[in-house]
Structures are given as structure tokens and as C-alpha cells.
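Asks: Sequences and hints are given; from them, build the entire structure.
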Amino acid sequence: MRVILESKVRKKPNIPIEAEAIIPRNFLKGTDLLVYEGNKERTLSELFWIFVEGTAVSPENIEVVLKGDTSRIKRVGEYMDTGSILISGDIGMHCGNFMSGGTIEILGNADAWLGREMRGGTILCRGNAGHYCATGYRGEKKGMQGGRVEVFGSAGDFCAEYLAGGEVHVHGSVGDFPGVEMRGGQLIIDGDATRPCANMKDGTCVILGRVHEMIPTFEKVERRVIPEWNITADVYRGDIANRGKGTLMVKTAGSE
Amino acid sequence: MNEILVKNACVIDPIRGINGDIMDIAIRDGRIVESVSDRAEIIDAHRCLTLPGGIDSHTHVCGTKVNFGRYMSPEDMRAGRTRRHGRMHVTSGYYVPTTFGNSYRYSAMGYTTLLEGAMAPLEARHTHEEFTATPHQDMLANTLFDGNWAVMDAVREKNIPKTAAIVGWTLNAVKGYAIKLTNPGGTEAWGWGEDLTSIHEKVPHFEVTPSEIITTMIRANELLRLPHSVHLHCNNLGKPGNYQTTLDTFDLVPDLNPDRQTLYATHVQFHAYGGGTWRNICSKAEDITRSINSKPQIVMDMGQIMFCRTMTMTADGPMEFNLHCLHHNKWSNHDVELETGSGIIPVTYSKKSAVNCIMWAIGLELALLTKNPWQCLLETDNPNGAPFVKYPEVIGLLMSKRYRDEECATLHADTERRTSLFALEREMDWHDIAVMTRAGQAKALGIVNQGKGHLGAGAEADIAIYPIRTDSVDPAREYRKVVEGFQKTRFTIKRGRVVSRDGEIIVDGANATFWTNALIPEDIRVDNDPEFIRRFQEFYTVRMSNYPVQDLYLPRGRRVDTEAFS
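Residue numbers (our numbering), protein chains in the order written: chain A, 1 to 256; chain B, 1 to 566.
Treat each hint with caution, since some may be false.
[As the list claims (entries may be wrong)] Below, simulated BS3-like cross-link-like pairs (lysine-lysine); rule was C-alpha separation at most 30 Å, straight line:
| # | chain 1 | residue 1 | chain 2 | residue 2 |
| --- | --- | --- | --- | --- |
| 1 | B | K352 | A | K201 |
| 2 | B | K352 | A | K141 |
| 3 | B | K352 | A | K142 |
| 4 | B | K352 | B | K481 |
| 5 | B | K330 | A | K220 |
| 6 | A | K201 | B | K330 |
| 7 | B | K351 | A | K142 |
Note that these hints are calculated values from the structure, not bench results.
Replies: Right under this line is the structure:
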């Protein structure tokens with residue numbers, strides 16, 4: 001079954017919509033869902049043209065497609081456990097919070113907090129992601145704990161902060177402090193990064209681009225060839241300021 | 001004229017010796033009276049358990065330390081969220097809730113008076129501001145003197161009147177209620193990079209020992225005739241083997257006051273550990289309670305821990321640093337100029353941890369082994385041991401051996417071997433609980449004369465009516481009903497107004513803040529002492545004239561005058 005939600009033109013398009021109800025499982029029983037526009041409760045049909053194609057008996061066969069101006073819609077796919085969501089444009093903050101299964105594909109850019117505290121499933125972002133991509137909530141000890149986030153563009157600051165499990169792959173560059181406070185999992189950055197992995201405890205971070213302002217509390221272990229990536233990399237251990245046991249691999253300049 | 005008549009109340013009022021009588025309570029203009037006119041509003045209690053309003057004699061709900069706990073724990077604000085509703089503000093948080101969250105939840109449990117466990121004098125303004133925003137409970141502030149430079153100088157000179165004069169002036173200036181000593185000397189020593197391991201070690205640069213601070217302050221407290229005794233958080237909190245320090249401290253305490261205790265030892269659970277390391281830690285609750293049972297001059301509170309996630313916050317900076325080294329989690333540390341310090345870290349008490357299970361057992365052992373319930377009050381050192389919303393569960397555990405057995409069966413296997421809890425048969429009755437949650441506190445804090453903790457004519461009309469029928473509920477078997485009953489009152493009446501009905505707050509609060517004003521003879525007042533003024537101006541970052549808290553900060557301050565030195 002495919003559910004197509006095409007956003008209607010709004011008088012005030014900047015008022016955010018809080019739409020945690022948009023997850024595939026909820027469409028099994030119809031489309032009478034409630035969302036908030038600012039502080040006003042709305043039905044889904046007040047904000048979207050809704051088209052339903054086919055039927056489904058189980059939620060894993062449901063695909064939700066979001067079209068139109070979706071850049072101010074927050075919390076799409078929160079607590080999603082199965083099925084798929086396709087977003088043809090940009091998406092607002094907190095997309096895929098606490099997601100545990102299924103797939104979200106974003107063809108445009110994602111705003112901040114993409115896949116916050118994710119536990120499983122896959123998020124593919126074809127454009128850029130904002131700050132705090134694949135992180136945890138403020139103050140919480142563990143961020144993303146499982147699943148996969150792949151960003152084909154660049155990501156903002158604090159990418160994969162408190163990462164505790166799963167895989168985060170950014171094909172472009174990232175901003176300041178990627179992988180800060182990492183506890184586990186894997187972070188791969190194809191582009192450049194600034195001050196990566198501060199206070200890292202565990203896990204692996206691979207940076208194929210250039211590192212700006214390397215944190216001084218990382219201990220260089222060796223330089224070796226990493227067959228998985230077909231590169232020569234400097235391998236660091238840290239963050240030794242806090243007895244961290246993480247691994248940070250940075251591609252050696254000029255090696256292919 | 002505002003009149004209420006509470007009919008058919010099953011009253012337990014330990015201070016007046018009433019135990020389960022069915023009676024009516026008449027209220028006029030916020031006070032309990034003998035009778036009211038027939039125009040009075042009638043509340044039918046339906047023979048439900050009716051107690052004086054609950055009093056918490058050691059809790060951390062207001063002040064810089066608590067607020068920094070909130071600041072450090074944004075994740076806690078995801079829990080306990082409630083919407084604005086009727087008279088109720090938005091609340092959030094579980095172990096460090098917003099001030100209104102604290103106030104509403106205490107009110108729903110029937111609590112009407114709270115003593116903030118530790119207020120740094122220099123940061124009193126913030127504490128008083130938060131008192132105003134905790135509107136449904138009358139507030140009292142324990143004032144920290146554990147590392148006060150002037151006090152330590154006076155102690156070294158063995159000058160009790162001067163010590164008393166400094167304490168009296170400070171309490172008046174910061175609108176505090178009583179003397180709190182937190183790890184006396186230890187926090188200050190740590191500020192100089194040292195750690196005290198016994199009460200007979202000297203604080204560097206001050207050449208005084210914790211035992212000298214404690215004994216001098218006890219005598220100064222009695223010289224000032226303060227309503228409450230010295231409120232002590234003993235040295236070596238949370239260290240395996242610290243029970244010896246606690247026993248040594250108890251042995252220092254003379255019996256100086258016929259009306260109340262001479263020392264209030266707080267959260268003693270954290271001070272009753274045997275063994276030498278975290279691996280062989282064991283309970284020494286039997287030794288502690290043997291000492292308490294032979295010393296009527298000491299009252300303690302349990303400091304019970306419950307299994308949950310919470311926040312520890314105390315003026316005991318070095319202890320929090322040691323905990324931080326254990327947990328490697330976020331940590332805050334703070335030094336308050338010439339006065340004290342503090343530390344904050346989050347903790348999770350887990351049944352998988354043998355140490356946590358032993359701590360849990362020790363709290364209950366202390367309560368069950370203390371013969372006189374007036375000497376062991378029910379507290380979790382909120383939020384250090386557990387948030388106060390866990391009190392009903394503690395009550396359930398004390399009243400039911402069956403409940404304890406069921407809990408014990410889920411604990412770490414070492415608990416039975418290293419504590420004596422499993423063998424304790426005692427089950428407390430309703431009267432014991434009434435003593436441990438209000439009457440004992442009122443007596444220990446010296447606020448019976450202020451009309452707290454009892455329901456006699458002239459008392460403040462603070463009343464909690466719980467949906468529990470003591471004649472039909474058997475707490476030993478139906479402990480679930482007891483826990484649920486104590487979680488939410490049918491009515492909480494505060495100063496003659498129904499503030500909470502079935503857990504919902506229905507009026508705006510108007511609390512009072514009690515503070516003590518010791519009338520000290522002119523010739524020994526420290527604000528006339530040039531040396532005191534000189535040192536103040538030299539070492540503090542504030543001027544002495546800007547130090548006292550203005551009356552503006554206490555919109556409903558209630559001054560308690562004491563005839564000091566008489």
C-alpha cells in the first residue's frame with residue numbers, strides 16, 4: 001500500500017508542523033490522524049491532500065510518500081518500527097527519532113537532529129543533513145544505538161555525538177565536533193572534519209578527508225594500510241584524556 | 001471568616017496521643033479551633049486516615065545546588081511532564097523537577113512543610129526565590145556552617161559565645177532556620193587539596209578538627225536556644241567502613257536539651273557501612289542503632305535509597321568527586337568562598353549492584369532496629385537516595401514483611417549474607433508511620449510551638465486525609481493499597497484551605513518561610529566586632545552591607561525569635 005501525502009499551501013508556511021503520527025503503522029487503520037500546526041491540533045487532511053493506492057494487511061508493506069513543501073514538518077517517522085517513508089523534498093527537524101526499523105529516504109535535505117536516538121532501521125538522506133545528525137538527546141548518556149544513517153551530502157556540527165551503536169556514513173564533509181563522546185558504533189566521513197571524536201570512549205571513526213584541529217589527546221598507534229577502504233591511514237587511540245579506548249583512523253595525505 | 005469542618009476523620013495525632021479515634025476537626029481562618037458555626041463548609045472524611053500535614057525534615061528542593069542539578073540534567077525534563085491545567089502550572093522532571101512540580105507532588109502526598117537540607121549562606125537569595133515558587137509548603141532552610149572561616153577561627157579559640165554570635169548573625173542575615181554541618185571541615189580541607197579521613201584530623205590552615213567543630217557548634221546552638229538542634233551530615237559519607245566515624249561522632253553528643261534532641265544526624269544510611277572496600281562492604285546498622293537506642297539525645301533520618309535513576313547533590317564536595325571517579329559520568333563541583341562547597345552527579349541505583357542492594361537494606365534496617373520511631377525519621381534525602389515520590393513505597397516496606405520478602409527475593413545474592421534485614425520481623429503500624437513522617441519531624445525541628453505536626457486547638461490547619469480505611473486494610477498483606485493510599489491524598493488542607501483534592505491542585509499557594517532570629521546581647525554581636533568586619537571585607541567578594549537577604553525575598557516570612565544567652 002502506498003499513502004501519498006501532498007502538503008497543501010498554507011497561509012503561514014513557516015509555522016512548524018509536529019507530525020509524529022506519520023509512521024507507516026498508523027496508516028493501517030486509515031488516515032484519520034492528528035498532528036499539530038504550531039499549538040493548534042489539526043487532522044492530517046487539513047494540511048495534506050491524501051491519496052491511498054492499494055491495500056495492506058501488515059505495516060511492513062506500507063510506504064508513505066511525502067510531497068510538496070515538507071521542510072517545516074518535524075518528527076516524521078518518530079518511533080517508526082517498520083515499513084518505509086519516502087520524502088521527495090526537504091524534511092524538518094527530528095526526522096526518525098527513536099526509529100527501530102524500516103526505511104526513511106529523503107531526496108532533499110534534512111534539518112537538525114536526523115535519526116536522534118535511533119535504535120534500528122535505515123535512513124538515507126540524498127542531500128545534506130543539519131546539526132546533530134544521528135545523535136542523542138541533550139544530557140542523555142547514549143545517543144544512536146543501532147541502525148544505519150547514510151548522508152550523501154554534508155552534515156552539520158556534532159554529527160554522531162554520543163554514538164553508541166550502528167553506523168553513520170557521511171559522504172560529504174562534516175562540521176565541528178563529529179563523533180564527540182562516542183561510545184561505540186562506526187562513523188565514516190568521506191570528506192573533511194574539524195576536531196573529531198573529542199572525549200571518545202569506544203567505537204571507530206574513519207575520516208577519508210582532511211582533519212582540521214586534531215584533538216591533542218589522541219595517541220598515534222601506527223600507520224597502516226586499511227584494506228577495507230584501500231587506503232593508508234594513521235591510526236589513533238583515545239580520547240586518552242578520559243581513558244578512552246576508541247579508534248580514530250585518518251587517511252594519510254596523498255595515499256590512495 | 002473561613003470555616004471548615006472535617007467530619008468522621010480517623011485521626012492519628014501522636015503529639016497529642018490520639019491513635020485512630022473517629023472525630024471531627026474544626027478549622028477557622030487557617031487554625032484548628034474547638035468548634036465552628038453551622039455555616040462551615042463540611043468535608044466528610046468517611047472514616048479515612050487523617051494525619052497532620054506531612055513534614056519533610058531533610059530534602060533538597062530549592063537553591064543553587066538543586067537548580068544546577070536541573071541545569072546538568074536536561075534529559076530528566078523529558079520525564080514527569082504535565083500540562084497546564086486549571087490552577088496548575090506546567091511541570092516537568094522526575095528526580096529534579098521544576099519547583100512547581102516539587103510542590104504539587106508533595107502536596108498530592110499530603111506534605112505541607114519542608115526543610116531544605118542545605119543552603120549556602122552566600123547563595124541564600126536564590127533559595128528564597130525558589131521557596132516562593134514552591135507555593136504549597138511552608139519552608140525552612142538549613143544553613144551551612146561546615147567550612148565557615150569565621151566559625152572555624154572561633155572554634156579554634158574555643159570561644160563558644162563568639163561562635164554563637166557568628167551563627168546568630170548569619171542566620172538572621174540569610175533568613176536561615178537552623179545550623180547544618182555537612183562533612184564539617186572536610187569540604188574546606190578539600191578546597192586546599194586535602195581530604196580528612198577521621199573526625200580527629202586537623203583542617204589545614206585552620207588547625208581545628210571536625211570533632212571540635214561539632215561539639216562547639218552543638219553548644220553554640222543551645223546557647224542561641226535555636227528551635228532545631230545541630231543538623232549533621234557526618235564525615236566520611238559513603239565510604240566503606242565509615243560506621244566507626246559515625247559512632248565516634250555520636251559519642252561526642254551530650255544531652256543538653258530536655259525538649260528535643262541535641263543532634264539531628266541526617267541520612268544515616270550513607271554512614272553505616274562496614275568493611276574496607278566496595279568489595280567487602282557490609283551493613284553496620286546494628287551497631288549504629290545500638291548507639292541510637294542508648295542515646296535519646298540523637299535523632300536520625302533513614303536516607304533510604306530506592307532502585308531508580310536519580311541525582312546526588314550535597315555540600316560534601318570531596319565525596320561527590322570520589323563518586324565521580326567511580327562512575328565517570330558528568331559531575332559538577334562548586335566552592336562557596338568562605339563558607340562551604342558542593343558537588344552534584346547523577347546516579348542509578350540498581351538491583352544488579354551488590355553495593356546498592358546493601359545500601360537499600362541498611363536504610364530499612366536502621367528504621368526497623370531503632371526502638372523508638374521518634375528517633376528514626378522517614379526520608380530518602382530527596383533526591384540523593386530517591387525522589388520523594390518514593391516515600392509511599394518506603395512506608396509500604398516498613399509496614400509489611402511480605403513486601404520486604406518479595407523485594408529481597410529480587411536482590412543481588414550477596415545481600416542476605418552482608419545485612420541482617422532478611423531476619424527482621426518487625427512491621428510498623430499506622431502510629432509509627434505518623435510519627436516517622438510528621439510528628440517526629442515537628443518535634444525534631446522544634447516547630448510544634450509554631451502549630452506544626454499536630455491537630456490540637458490553635459495548631460495550623462495543615463491536614464492530610466488519605467483514602468485509607470485503617471479498620472479494613474491490613475498493611476502487612478495489602479501493602480499495595482497502603483502504597484497507593486499514601487501516594488495521593490483525598491484532601492490536603494494547608495492553612496485552612498483545601499489545596500489538593502485527589503492529587504489535583506485547586507488553589508494558588510501562599511506558603512510561609514520560617515527563619516530564626518536569635519536576640520544576641522549588644523556587646524558580643526559580630527556586626528560590632530571590628531575584626532570580624534575587617535576579615536569579611538577582606539575575604540568575601542560581597543560587602544558586608546550587601547550580604548543580608550532583603551525582606552523582599554520573603555514575601556511571607558515568619559520570624560521565630562529566640563532569647564539567646566538567657
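Asks: For every hint, state whether the structure bears it out.
Replies: Hint-by-hint comparison with the structure:
1. For the suggested pair K352 (chain B) and K201 (chain A), the alpha carbons sit about 23 Å apart, so the restraint of at most 30 Å is met.
2. For the hint pairing K352 (chain B) with K141 (chain A), the CA-to-CA distance comes to about 19 Å; that is within 30 Å, so the pair holds.
3. For the hint pairing K352 (chain B) with K142 (chain A), the CA-to-CA distance comes to about 20 Å; that is within 30 Å, so the pair holds.
4. Note on K352 (chain B) and K481 (chain B): the hinted pairing holds, with a Cα-Cα distance of about 28 Å set against a maximum of 30 Å.
5. In summary, the hint linking K330 (chain B) to K220 (chain A) is supported, as the alpha carbons are separated by about 27 Å, within the 30 Å threshold.
6. A hinted pair counts as satisfied when its Cα atoms are at most 30 Å apart, and K201 (chain A) with K330 (chain B) qualifies at roughly 14 Å.
7. Simply put, K351 (chain B) and K142 (chain A) have alpha-carbon atoms about 21 Å apart, close enough for the 30 Å limit, and the pair holds.
In this structure, every one of the numbered hints holds.
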